[in-house]
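In case you want the letters, here they are:
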Amino acid sequence: MNTTTNPAAAVVAEPVVVPLTAANYKSSYKPIWCPGCGDFTVLSSVTKALSIMGVPPKDCAVVSGIGCSSRIPAYTTCYGFHGVHGRSLAAATGLKVARPDLQVLVAGGDGDGYSIGGNHFLHACRRNVDMTYLVMDNHVYGMTKGQPSPTTEPDWDSKLSPGGTGVRVFNPMVVALASGANFVARAFAGDLHGTADIIAQAMKHPGFSFVEILSPCVTFRPEQRDWRKTVHEAEAPVTDDAALAARRLMKDDGMNIGVLYAGDRAPYPASVRQPRCTVAELEAEFAL
Amino acid sequence: MQLQMAASGSVSIALAGSGGSGVMTAGTMLLAAAAKAGAYGLMVRTSGPQIRGGEAAAMLRLGAQPMSSLDDGFDLLLAIDWQNVNRFADEIVLGPRSVLIGDPDEGDAPEVFKATGARYAPLGMKKMAKAIPGSWVNMIALGLSGALAGLPLQALQDAVRDAWKKPDTLDANLNAVAAGAAAAAQISAQLAQEGGAMTQLQVSAPSTTQRWMMSGNEATGMGALKGGVRFVAAYPITPATEVLEWLAPRLVKVGGTLLQAEDELASINMIIGASYGGVPALTATAGPGLSLMTEAIGLAVASEVPIVVVDVMRGGPSTGIPAKSEQSDLSFAVSGLHGDAPRLVVAPSSMTDCLGATQWAVHLAEALQTPAIVLSDQFMGQSRVITDRPPDHGLVARRVTAAANTPDYKRYRDTPSGVSPMAIPGTEGVTYTADGLEHSEAGIPSSQSRDHVMQLDKRQRKLTQHDYGSYWADIEGDADAAVITFGSASGPVREAIERARALGTDLRLIVLRLLAPARPEQMAAALQGVKRVIVVEQNHGAQLYRYLRAWYDFPAPPASYHRPGPLPLRPAELLSALLEWRNGK
Chain F
1 MNTTTNPAAA
11 VVAEPVVVPL
21 TAANYKSSYK
31 PIWCPGCGDF
41 TVLSSVTKAL
51 SIMGVPPKDC
61 AVVSGIGCSS
71 RIPAYTTCYG
81 FHGVHGRSLA
91 AATGLKVARP
101 DLQVLVAGGD
111 GDGYSIGGNH
121 FLHACRRNVD
131 MTYLVMDNHV
141 YGMTKGQPSP
151 TTEPDWDSKL
161 SPGGTGVRVF
171 NPMVVALASG
181 ANFVARAFAG
191 DLHGTADIIA
201 QAMKHPGFSF
211 VEILSPCVTF
221 RPEQRDWRKT
231 VHEAEAPVTD
241 DAALAARRLM
251 KDDGMNIGVL
261 YAGDRAPYPA
271 SVRQPRCTVA
281 ELEAEFAL
Chain P
1 MQLQMAASGS
11 VSIALAGSGG
21 SGVMTAGTML
31 LAAAAKAGAY
41 GLMVRTSGPQ
51 IRGGEAAAML
61 RLGAQPMSSL
71 DDGFDLLLAI
81 DWQNVNRFAD
91 EIVLGPRSVL
101 IGDPDEGDAP
111 EVFKATGARY
121 APLGMKKMAK
131 AIPGSWVNMI
141 ALGLSGALAG
151 LPLQALQDAV
161 RDAWKKPDTL
171 DANLNAVAAG
181 AAAAAQISAQ
191 LAQEGGAMTQ
201 LQVSAPSTTQ
211 RWMMSGNEAT
221 GMGALKGGVR
231 FVAAYPITPA
241 TEVLEWLAPR
251 LVKVGGTLLQ
261 AEDELASINM
271 IIGASYGGVP
281 ALTATAGPGL
291 SLMTEAIGLA
301 VASEVPIVVV
311 DVMRGGPSTG
321 IPAKSEQSDL
331 SFAVSGLHGD
341 APRLVVAPSS
351 MTDCLGATQW
361 AVHLAEALQT
371 PAIVLSDQFM
381 GQSRVITDRP
391 PDHGLVARRV
401 TAAANTPDYK
411 RYRDTPSGVS
421 PMAIPGTEGV
431 TYTADGLEHS
441 EAGIPSSQSR
451 DHVMQLDKRQ
461 RKLTQHDYGS
471 YWADIEGDAD
481 AAVITFGSAS
491 GPVREAIERA
501 RALGTDLRLI
511 VLRLLAPARP
521 EQMAAALQGV
531 KRVIVVEQNH
541 GAQLYRYLRA
551 WYDFPAPPAS
561 YHRPGPLPLR
571 PAELLSALLE
581 WRNGK
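Sequence lines, in order, name chains F and P. Mind the numbering: the first sequence is residues 1 to 288 in the numbering used here, read in order. Mind the numbering: the second sequence is residues 1 to 585 in the numbering used here, read in order.
One or more hints might be untrue.
[Stated by the list, open to error] One side only, chain P facing chain F, incomplete, derived with CB under 8 Å:
1. A35
2. N269
3. G436
[What the hints assert, rightly or not] So the derived label-pair ranges between C-beta atoms look like this:
4. P/D171 x F/D240: 39 to 49 Å
5. P/G477 x F/A287: 30 to 40 Å
6. F/A266 x P/P520: 51 to 61 Å
7. F/E233 x P/R398: 48 to 58 Å
8. F/N24 x P/T401: 57 to 67 Å
9. P/Y120 x F/N119: 50 to 60 Å
[As the list claims (entries may be wrong)] With a straight-line cut-off of 16 Å between C-alpha atoms, the simulated EDC-like cross-links for lysine to aspartate or glutamate are:
10. P/K458 x P/E438
11. F/K58 x P/E428
12. P/K458 x P/D340
13. P/K127 x P/E91
14. F/K251 x F/E233
15. P/K253 x F/E281
16. P/K253 x F/E283
17. P/K410 x P/D451
18. P/K253 x F/E285
19. P/K36 x F/E285
Please keep in mind that the hints were generated in silico from the structure rather than gathered at the bench. Glycine included, every Cβ here is placed at the ideal spot set by N, Cα and C.
Let the sequences and hints guide you as you build the complete structure.
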């Protein structure tokens, strides 16, 4: 901005910009999560990522469905929307398309996103609306106390599916890539800063960005405490080649952490449209 | 059914044929020609179950006054061919005064039509079209039917000029219309000799008020825009798709957005998301879609997000009869949500009222921060009507919003009206989380009895305390016997009441526009002096009757006249039902 030629500018003091920190995005409400839940750290990663983005809380909306992780909106100071089970992506799509000025973050769990909300996941990926989807995947329905989800191993024993479901696991990264998501990454809840960095990258990337976050449920899947030992940095850098990303997913052990794919597909057009005529003018087409 | 051809001052014409024969195009042009001649009228579409190529019929009624119902029977059935047209025998009712025209090269007229005593006048329409290179047989039919109905050739040809897109064949088809009209003159002369010409349209003084022509679904779309809707999520479904298709290009022109959803679960949640963002939002569907949307409509109730859901009702349950009308979603609309979930249910009473009622629904939803269901139906939605320009009640979306940095802001504050200022994302210092979980005034999830009772009371109170004005119902007459109805049934009911009055039996008419919440005080006032009530509706289960009995007090147990679709309610049918009830024990 040229400040020398505008006399008005000379008398207006530059606003004092206080940098936003993660604390500015964290609300005072105490999460309902169990002690040791991975979602605590994800919340911290989210608030840190938002501070990296620097968008004021009033201009951010966090949208979720139903499940333990879907409680996250109220734990931020952003505008929140805690809707019905499985429909967070639909609600967020409507919000973002109607209000493209907002930073829209969608969050939820594996049951919410991959089972009841599976169809919306496919279509959110292909529609490519500019928003970020975080799935806190713990391979279990936690809120209903331990039933298998689409990402649960087929032999995992539970009251609802004794001896296991016998059904192969859903691979969200493959599905996201195949469906056209513009950004696909995996993070681990145990790594607060690494996850915050990936979420910030996802938010910065145009179009629909998807981050699968391994977030242990120590209550119903105590063995997931070992994820800390089994996760590892992805062996290859991010690619914009979907075919290459797909080949890497074929060899994926599910524990690779990092950004897999960042494409350049144009986001769904959500620009604010200026009216070209009035409703009264439209009425003329009915007139005889 | 005993056919009573009423002296209704109107003429009814059915144009039938197999799909692709152009009868719908001819019907639309016939309606447009009537409009040009200064008349009023409506056109109802009917078709077989096939997507394309099945039998189809355009059913028109033209007259000197506005109308919102078909007549009891038809003065003319003109079939371009007879392929499966006999399937329409229940819909296209003929009598001895009716005229039946078919092309002998397409076979003889079906016995079911001949047996009505209708006068049969075969005419080689296809040969006539062939004799005029570049012309179409449906334009012969247009000239023929229009001239038989008494429309001037000029009006018929002007309608063709407006609609014809290909200049090279325009002249041929203008000639085809003229040839059809010339044949009509011969047929008329012949009919006059054989016991009377066909009923003709009498428009002595063409209407001078500004008239509109539109379908109910288009009127619904216009009502949405006039109310302030600027976001629409769409999933196609018969017979609501035209609402969405009409809106798609026009919404963009006025600065809005239409988004095609992957299913109705998505479309309903998309409009909730958009409205949460401060943009008035609507979707349109039919019964199966409404069923899928139900859970999220409850979310809009609990999280107090205004939305409008248009249900263009069709025959149900399940897939039912997609392209035929029925008023059988009423029970579901007024009570089909889990939990105690007060919602608005508004029913347009005619094609024209689809505009005003939808606009009102947008206004109410926004004012009361709650979902509004608009119960239209296939009859209104897919029929075109020539009408007086509807009056503009001026009711638009006005949402109570929270100012930036409101001290001690609580989204779900327990206000006297029950309506609490809604913070719109982007507003500083009033962020909150909208929640379908029961919540405290601040919006924090709560399972406390105090919070639950307070929020239930608040959500009920804002609906029951609102002043809906006189628009909640149309009340006509002051007789001590009243007919209560709603939606498209009100058209034939009103006409039956007019005929009853002419026969010396006075009846009061109450057409409910606001179905939910119930208005006991207003209904008591509307029923002042009434001793007997009958409820008329088009469904199998007497849904309105049962709903009214649950919510309203009546001087005596009301009677009920109800029957399901797909056949439309007819004035003569209702006249005999009403007279029997009125003069009965």
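Verification of the supplied hints:
1. Checking P/A35 against chain F by beta carbon gives a least distance of about 5 Å; that is within 8 Å, so the hint holds.
2. A least Cβ separation of about 4 Å between P/N269 and chain F falls short of the 8 Å threshold, and the interface hint therefore holds.
3. Because the closest C-beta pair between P/G436 and chain F is about 6 Å apart, less than 8 Å, the hint holds.
4. Under the hint 39 to 49 Å, the C-beta atoms of P/D171 and F/D240, about 59 Å apart, miss the expected range.
5. The hint said 30 to 40 Å for the Cβ distance between P/G477 and F/A287, and at roughly 32 Å that hint holds.
6. Between F/A266 and P/P520 the CB atoms are about 56 Å apart, so this pair conforms to the stated range of 51 to 61 Å.
7. F/E233 and P/R398 have their C-beta atoms about 55 Å apart, which keeps the hinted 48 to 58 Å range intact.
8. For F/N24 paired with P/T401, a C-beta distance near 24 Å fails the hint of 57 to 67 Å.
9. For the pair P/Y120 and F/N119, the beta carbons lie near 55 Å from each other, so the given range of 50 to 60 Å is met.
10. Simply put, P/K458 and P/E438 have alpha-carbon atoms about 12 Å apart, close enough for the 16 Å limit, and the pair holds.
11. With a C-alpha separation of about 5 Å, the suggested pairing of F/K58 with P/E428 holds against the 16 Å cut-off.
12. Restraint check: the Cα-Cα separation between P/K458 and P/D340 comes to about 12 Å, which is no more than 16 Å; the hinted pair holds.
13. A hinted pair counts as satisfied when its Cα atoms are at most 16 Å apart, and P/K127 with P/E91 does not qualify at roughly 29 Å.
14. Straight-line distance between C-alpha atoms of F/K251 and F/E233 comes to about 14 Å, which keeps the hinted pair within the 16 Å bound.
15. Distance check on the hinted pair: P/K253 and F/E281 sit about 10 Å apart at the alpha-carbon level, within 16 Å; holds.
16. Restraint check for P/K253 and F/E283: satisfied, since their Cα atoms lie roughly 13 Å apart, inside the 16 Å limit.
17. About 13 Å separates the Cα atoms of P/K410 and P/D451, which keeps this hinted pair within 16 Å; it holds.
18. For the proposed pair P/K253 and F/E285, the alpha carbon gap of about 14 Å is at most 16 Å, so the pair holds.
19. Distance restraint check for P/K36 and F/E285: the Cα-Cα separation of roughly 15 Å lies within the 16 Å cut-off, and the hinted pair is therefore satisfied.
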